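**Student:** Residue strings, one per chain:
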Amino acid sequence: MDKVQMLQVLAASLFALGLTGVIIRRNVLVMLMCMELMLNGVNLSLATFAHTLGSAVGAVLVFLIFVVAAAEIAIAIPVVLLLVRRKRTLDIESYSDLKG
Amino acid sequence: MGLLTLIVLLPLLGFVLNGLLGNRLGKGFVTAVGCGMPAIAFAVTIKCFLDLQGGGWAPIAETAYVWTMVGQDSFEVAFWFDRLTAVMALIVTGVGTLIHVYSTGYMHEDKSYARYFAYLNLFLFFMLLLVLGKSLLVLFVGWEGVGLASYLLIGFWFGDMEKAAAGKKAFIVNRIGDAGFLLGMFVIYSAVGTLDMPRINQAFTGGAVPAVSASLVGLLLFIGATGKSAQIPLYVWLPDAMAGPTPVSALIHAATMVTAGVYLVARMSGIYLNAPEASTVITAVGALTALMAATIALAQDDIKKVLAYSTVSQLGFMFVALGVGAYGVAVFHVYTHAFFKACLFLGAGSVIHAMSGEQDIKKMGGLAKKIPITFFTFALATAAIAGIPPLAGFFSKDEILWYALASDRGGSWLLLAVMASTALLTAFYMFRLLWLTFFGKPRMLKDVEHHIHESPPSMTGVLVVLALLSAVGGFLSIPHFLEPMLALPGVKPGMDAFHYFVVGGSIAIALVGLAGAAFFFGGEALPAARIKASFAGLYRVLNNKYYVDEFYDRAINRPLLWISDAVFLKVGDRLLVDGTLNGLAALAQRAAGRLSRVQTGSLHKYAFMVLAGMVASLVWMWRNG
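Chains A and B, in that order, are what the protein sequence lines are.
Residue 53 in this note's numbering sits at position 53 of the first sequence, and the numbers go up by one each step.
Residue 266 in this note's numbering sits at position 266 of the second sequence, and the numbers go up by one each step.
Some hints here could point you the wrong way.
Far from chain B by the CB rule (all over 12 Å, computed), these chain A residues [what the hints assert, rightly or not]: (1) THR20; (2) ILE23; (3) GLU36; (4) ARG85.
Chain A is faced by these chain B residues, among others (derived, beta-carbon under 10 Å) [claimed, not checked]: (5) HIS108; (6) VAL209; (7) SER602.
Just so you know, these hints were derived from the structure itself, not from any lab.
Only a predicted model underlies this, so the values are computations on that prediction, with no experimental measurement involved.
The beta carbon of each residue, even a glycine, is placed where N, CA and C say it ideally should be.
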């Protein structure tokens, strides 16, 4: 198994780890962290491909994802803050007021 | 602004002023505007007539406004003043002005005085638009407008449900005719490419005849005329229209508006000259209407109903003249009829005024001495309509009878026989009316008798003027005046010998009618009562107007109501339209109820579904792509 393959497996494992976290953890903050993990898994994969193919496109996409992730977390943290103020808990199961 | 436009706009100005300001500025203002505008319009019409004469009778045309352009065709609000228009416009403004003056007396106590004059001026505006319009389109606007004004004035006292219903009936029956008129206009426009009446006439009489049956066009336009001019089968609205104030009956439902159909046919004579079938239909409908209405009038007891049926009958005479190609003679009868029928209606108004609102001639009698001016004018107009020489009605009716016999465009002995018997009935029922109203013993209640009084000078003055016109109006030979424009039909060979026979016959008929009425209704009216008793069945049929209203009710109204209710409302509206909407709404509601269960509110499940979706799409891409 060469280096690229190992890096890709690592990226996929990071993504899978993050996804599993989002699906099974109940703490909102942990879920957000897991989402960052997924994003970074993708970033790693992109960076690897960019390096292998010698193209800048993948690297540019990585920076785009950084920006989007920063923006997303800047919105998500205040939202979580407001939710916690209202519900006094971080448990995602108690935020289900809109269920049908 | 040209003079013709001015004629039309003056009554409109009166309508606007009286309609907007009349109630605030008081009766003096309303009277001045209401009577002043028609009077000025009459003066301007005379000026136009003199101009027409000065210009060697060359028609005056005037474009007020270009309405719209479609390709090369422009639709203009244009006016046209020739001999025929001159006669009609002078009748409309002249008689119109007189009736406005009369109304100041008749409607004096009414609380809606301003509204009344506003409507009356509005009517004059539309009527002048109708007779002055150069294209069928302008004529049609006027045609619809007079229908509206007629509706407003029939239902003038709309607090009374019966009167409001009469207005509605007039409007709806007229709509049926208007549909035919509209179709006729479409056909003409698609075949000739213009709606200008002079050009249409030219197209039909010129060398290259348009590729459309003149009879089809003629019949469609005639359907419109049957509505407005109260001919079979659409005459039923006119007797009910008597619910309006009496001067309105005189102006709109006797002298002017109802003659619009006659004017239309005369104006479009170029079409009818080439449409023998349509002309035959017109003759037949006219003759039938004249006879039928005259028989109904024999058995009516309401003074205005008798006059209404006599109007229908006289309109039938006019259509017979149109049918046999004597267009000028028809307009002649329009002209004399305007005088004597307006005089009769206004006289009836004066009688009703004197009788404190009573209209039943069974409860009148002996009024001759109490209201002498009304009596003399009414008697003169009655003699005129009956055709006693040398009054106006004699000349026009005699000419109609003559052409009914001798015209080479459909005259026959049968037609003469029908028209002559109608003329006899006319003389008979008119003198019956005169006798029952003015002679014999008073039959009214003591209270009413006590109040009987002659009408104010504003009313009697108008009556005298109209009576004089009905007396001498016949000496002006309108057919001769119109002949350069509306040629009279040829006389069948060998008929000239009968001319004096017809003249003598028509005088004899009028006198027999007079004598008959005097015999049957003179004194205690015993012979009439005997006849009535021995022909009770016939009397009942006539008194109930041949049950035509009942027949229309059974044959048209009720099926229409049933279909509207059972099919259109219950099936169409409730089941189809409402059902579809309600069904869709219920479907959406149920589906949403099911689907909302997916929204568990658990973020984990959503995330899991996203994962499942991603996996599924990846698998699908791997298998298929």
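**Student:** Quick check: which numbered hints come out false for this structure?
**Tutor:** 1, 2, 5, 6
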